[in-house]
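Protein chains in written order, with my numbering: chain A, 1 to 662; chain B, 1 to 129; chain C, 1 to 147; chain D, 1 to 265; chain E, 1 to 324.
Heads up, some of the hints might be wrong.
To be verified - Simulated crosslink set (DSBU-like; lysine-lysine; CA at most 35 Å straight-line):
#1 D:Lys246 to D:Lys170
#2 A:Lys382 to B:Lys24
#3 B:Lys12 to C:Lys119
#4 C:Lys130 to E:Lys286
#5 A:Lys337 to B:Lys12
#6 B:Lys12 to D:Lys246
Worth flagging that the hints you see were computed from the coordinates, not collected in a lab. A quick note: this is a predicted structure, and the numbers were derived from the prediction, not measured.
Below, each chain spelled out in residue letters.
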Amino acid sequence: MQRIGVFVCHCGSNIAATVDVKKVAEWALKEPGVVHAEDYPYMCSEAGQSKIQAAIKEKNLTGVVVCSCSPRMHETTFREAAERAGINPYMVEIANIREHCSWIHKDMEEATKKAVILMRAAVAKVNLNTPLKPGESRVTKRALVIGGGIAGIQTALDIAEAGYKVDIVEKTPSIGGRMSQLDKTFPTLDCSACILTPKMVEVNKHENVNIYTYSEVEKVSGFVGDFTVDIRKKARSVDMDKCTGCGVCQEKCPSKKTPSEFNRALNTRTAIYTPFAQAIPNVPVIDREACIKFKTGKCGICEKVCQAGAIKYDQEDEIITEKYGAIVVATGFDMIKLDNYDEYAYSQSKDVITSLELERIMNAAGPTKGHLERLSDGKAPKEMVFIQCVGSRCSDDRGKSYCSKICCMYTAKHAMLIRDKYPDVNVTVFYIDVRTPGKNFDEFYRRAVEDYGVNYIKGQVGKVIPQPDGKLLVRGVDLIDNKQILKEADMVVLAAAIEPNKDVRKIATMLTASIDTNNFLTEAHAKLRPVESPTAGIFLSGVCQGPKDIPETVSQAGAAAVKAIGLLAKDKLMTNPCTAKPDELMCNGCSQCANVCPYGAISYEVKEINDHGVRETRRVASVNSALCQGCGACTVTCPSGAMDLQGFSNRQILAEVDAICR
Amino acid sequence: MSIVNSQADKIKEISGSNPLKCMKCGKCSASCPSFNEMDIKPHQFVSYVQNEDIQSLVESKSLWKCLSCFACIERCPRNVQPGKLIDAARQIVVRQKGQDYLKADEIPELIDPETPQQLLVSAFRRYRR
Amino acid sequence: MSIEANEEFKPKIVAFCCNWCSYAGADLAGSSRLGYPADVKIIRVPCSCRVNPMFILRAFEKGADGVILCGCHPGDCHYSTGNFYARRRMTMLFSMLDYIGVENGRTRVEWVSAAEGVKFSTTMNEFVEKIHSLGKNVRLGDLRCRN
Amino acid sequence: MKYSYYPGCTLKNKAKDLDAYARASARALGFELEEIENWQCCGGVYPLGSDEIASKLSSVRALNEAKEKGQDLVTLCSACHHVIKRVNDDMKNVEDIRTKANNYMQLDEPYAGETKVLHFLEVLRDEIGFDKLKEKVVNPLTGKKIGAYYGCLLLRPGKILEFDNPENPKILEDFIRAIGAEPVIYPYRNECCGGYISLKEKDMAKNMCNNIVDSADGFGAEMLITACPLCMYNLKKSTDEKLPVKYFTELLAEALGVKEEVDKA
Amino acid sequence: MQELIARAKELLADGTVARVIGWKAGDLPYNPEPAYFEKEEDFDDFVYNSFCGANLSKLMIEACKLEGKTLVCLKPCDTYSFNQLLTEHRVDRDKAYIIGVGCKGKLDIERIKKQGIKGIKSIKGAEITDDAETLTIDTLYGEKTCAFKDAMLERCHVCKGKEHKIYDEIIGESKDTKDAERFAEVEKIEAMSPEEKFAFFQKELSKCIRCNACRNACPACSCRKCVFDSTKFDSQQKANVDSFEEKMFHIIRAFHVAGRCTDCGECSRVCPQGIPLHLFNRKFIKDIDELYGEYQAGEEVVERGPLTSYTFEDAEPGIVAERG
């Protein structure tokens, strides 16, 4: 029989305001095995923990139940406290009477009753707990960063600087990401390329960093400290070692009609291309779908003009398998498609553009060489209208429910830059709210209004009406004046919502990292563990976790790196002792459990079994506890119930069921 | 208080729309073809219901200027659908005896030989009980 | 079942939640103060695939009026594939319970992610309401081999 | 192919010829419109109130008759289409309305939105196909620059009507191409003409219609077509016919070479 | 039968096999039972006739642990069970010598008795060589007749076919006796209201005396130690466990063999109370066929059964409520 202590936490008033904690402790004493019960305002505090430790020693407790917040919060705290007092940490169970009780119920009597039942279930479980000992697993001292934008670059640099090897996997032909497409950055109006390219160069030449561009993660297996990843290095059709980056092939390539991804399809590129001048690596790829040689077999001009002999039409995709201790996701974002917003005439007029397209137009390396002009007729605009929140903050099913966070600031930036460079252009911004929480952000926005005379109108636009003369009639509302406004504009810029990169779902599935309804990766704790995924060993960097601007992205990238470094710095990890364990006397050796094990942790051996004196040689299951992650799939598949899960055994769960239904 | 309350609730019930979802972006008013004819603008309709000032709404000219063209309903990013609120207010008026906006005796002078039946039928539906 | 009887009826509802998604979703419902009836009691399991049909039958035999299993969305299982097996097992079990005449509303599977506090709360509210409409579970308790 | 057909009030009275053009065209294209027996007026506008039941019953009757015949229900007028399609959606998805309406109707088998509601244009697009229509055209309207006027009721709310992209539709333009003419796209094609408001607020309607016609004119349209008799009336009446306004069935009949036989009859 | 005996003796004599598993005559003309034959004289009792319904494949689990090969007589439907046992590594193919014995349908004495035929002394027409359509039964009260078909076991009416799925040699001819829809009974129950369903099963299951005959006969229910006999699923309150088992026994049993049950029908055949236990198993088979694609356990040796595999698009458990 266990000697159990029950400790009921008030959590200040978080629990005590709704649950009669004294009564829970009182009732606990009536439960079988319970020899001690008390309540305390903050069980997780030093003093609270001491109370638990004192009781363990004084009353010779063998098991502990803490009625408190979610085990996801403080299970470890209490288990460690118990361990310090000399009992096995796995003899501690938590009854979640905060998140699952006091916070969701209003009626004190009802909540107290429920808390008592949750306490009983935990006591019933602890009565059946057995001491468990964690195993150890090794840590591969290498990190993988998925995505080579500013988030991925920063994370990789920070990990590399700490002395660990890092691989970056980037899907496109060059690292640089979205930031490389930007012209200037807020709130200081730095040139984006000027601050990004040095980082790109640095990461490229760092001895600890290895970059796979034009590559994708194909398969992930293993677990924290010991991931095995297959990376598909797509055929570049160009030998990276031989290419000198002279660019002649691109000049001579006759296939010039492919929309340029880098320039948001505002102009075209050749079939053999580097996305932009500062690309790293400065080695082109052949887009096989556009290449005449690949389509018809004729052409081969690039091969002829390449003096280095770097063109390799027969190059094939390569699969690289590598082991990693930690994985950082930095897959970034894209703008939403505007198919659902035809009232803004995006698909009907070339002069209605997105903000990212405007970035390319404003950029000296962009389709108009940095001249602000209408894409329809090349004329300089006189009136420009910016529309905010296109697809952000929507609760219909057309857009996204969240605020994209960066639009207010980049629109102020665009407005300011245009007014600065083209003082005769009038700029009007239709906004719902201007959101500027950030250092020097509101000042920046105010400068746009006060120093640059940008006309901010509070109200949305209902429709953009292309006119026969090529102008755009913008029908909006001024909510302050309570007037409908008809404004003739030459260009309209839409602040389209941002959304996580399309590939993130696939990647999250491979990593078994959870993802929210908007396809942002979920953090382990919204406030306290914002750069970790709930899946151990997976870290989050940049917009893949939620909308962010550059400074925030860089901070988070650094934070993710620190978390990864903290993991890589360990030589060994304690493994979860809640693993599956077969009862060899009962095992039939039928292999059903091995069929459902996702980790290949179950094997079979033929061995001599001594069943109460009867010796028999037969086939039985055996679990590799270093591989087993404790999901329990095998336990249910096992027809005889020979396979059980330590820490969540059949008897323990049934005891909880019985306690709840009592 | 209770009467006012029940009228606001009635409007919410008839319209099936929740004015609390409004984020006050004004896209309804920016889309409304009758905006200039209205004394209470579509986006204000939402606030009036929120604030339970139903008396102003039932006395408003706007009730009879709304075209039910569904532009605000189509474009509202928050699913508030001001057009439905306006129609609900109109229903409250026309459901009261003698409150019809269109009287039978004024019809002859409003129509011409080409007036389609559809026009009369529609106007009757919107304006009368 | 009369309305009066319904008012007194306090159903016993067991919710099995996987540790990674649904239990966290329930925590989020809690920290967001999204209420649901106290009749629901949650048992934490590592994965939906840990839930043996025996557990559910046991709950019913012990007097539960409804049992719900929540796990990660298909494809998002922390252990990659656990919920796929759980899905087949539960489909089979529910079908069998339906076959022997237990109202099929008494069992439910819902996929709730760690970010779906709202869904967790809505699901539990719906489920409790459903159990209320079905009333007390008498059938499974009575299904005996011997009279 | 046989469809149940709901002609609606205007097309059976003031605009009989437009209905006749549609039927003749249907015959030429190889399908038949079987008029619902004893159909009642749809009411012209969809009752928005969630508590409106009685005003939806005429639509339910028509829908149920089509269901009993196992036919899809075809409409020709945008207003009828709008009302019937939305009532059908209510019957399918809104339990309260479905229950109450069925209680009133006392049908042998309750109606729950089973019937598929098609606008005549949808039949042309989805069932016949504009390519096929093009092949059947004998008098292509070559060279004619036509602006399509959609109005509100065919398109909005897009989620329920599911007719076309509500902000950038193309079905009428495709239709215009199919009959050999050239579509003129202008931004006011889905702005309201004023609808029923033209009865009492003639100035408002005038203003709106002029915006539409001016916009179409500005983009070079020589003619407008509509799929709603009220839009047609408003556009004609309120703009002194700056541009000719026709119903799409008239042009269809003309292109298919059946207009004369209708006009003679 | 004589050919079978001769061949078995031959294989014993030349040392190919160390023993034979077959059927020996019982004390009544209609109750032969499974038996081991190791010496030539043992064969005096050997019998193979239409009352040899017992599925011998399960006996191979223990036989495979013995020295030398074991000859086992398997009817076509029994071979499915053997394959399933092979799938689950419960038997060793190398230690089995399978003679596929011919089968033209097996008889259910209860069905004969139900027709009012009592005091049975002998039955003609049940010998396997006969192609008799009619059984001639000599009773204390004179000679009675009964159509062979009317006396067949339920499972023979939904015969899986005359092919042996695994064998070393075949002796005797087989016949496909299927004359009913396999899922007809299940569908009939599915169509009932919940109240009717419950009443039906409550009535049937109330007859159960927990004799464990079904569990012992079932070739899929072959665990070394049954979950019902272990403490793995009990909590501290041992007293409650009995009633849990009592109430849920048949559901749990059926679930444990779901995806593995070959539908051999032994459970119903051996039930002394005549409970149609196969209706549970067959419901699972029907669901599996409908939801995850047609699957016949034991058709061949496979790695994964339907409950140890999945597809991304599998139906959600809610389908149970949706399909009504």
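Hints versus structure:
1. D:Lys246 to D:Lys170: holds, 18 Å
2. A:Lys382 to B:Lys24: holds, 30 Å
3. B:Lys12 to C:Lys119: Answer holds: lysine 12 (chain B) to lysine 119 (chain C) is near 25 Å, not above 35 Å.
4. C:Lys130 to E:Lys286: OK: lysine 130 (chain C) and lysine 286 (chain E) at ~28 Å, within 35 Å.
5. A:Lys337 to B:Lys12: Cα-Cα ~34 Å, so holds.
6. B:Lys12 to D:Lys246: Roughly 41 Å between the alpha carbons, so the hint for lysine 12 (chain B) and lysine 246 (chain D) is violated.
Hint compliance for this structure: hint 6 alone is broken.
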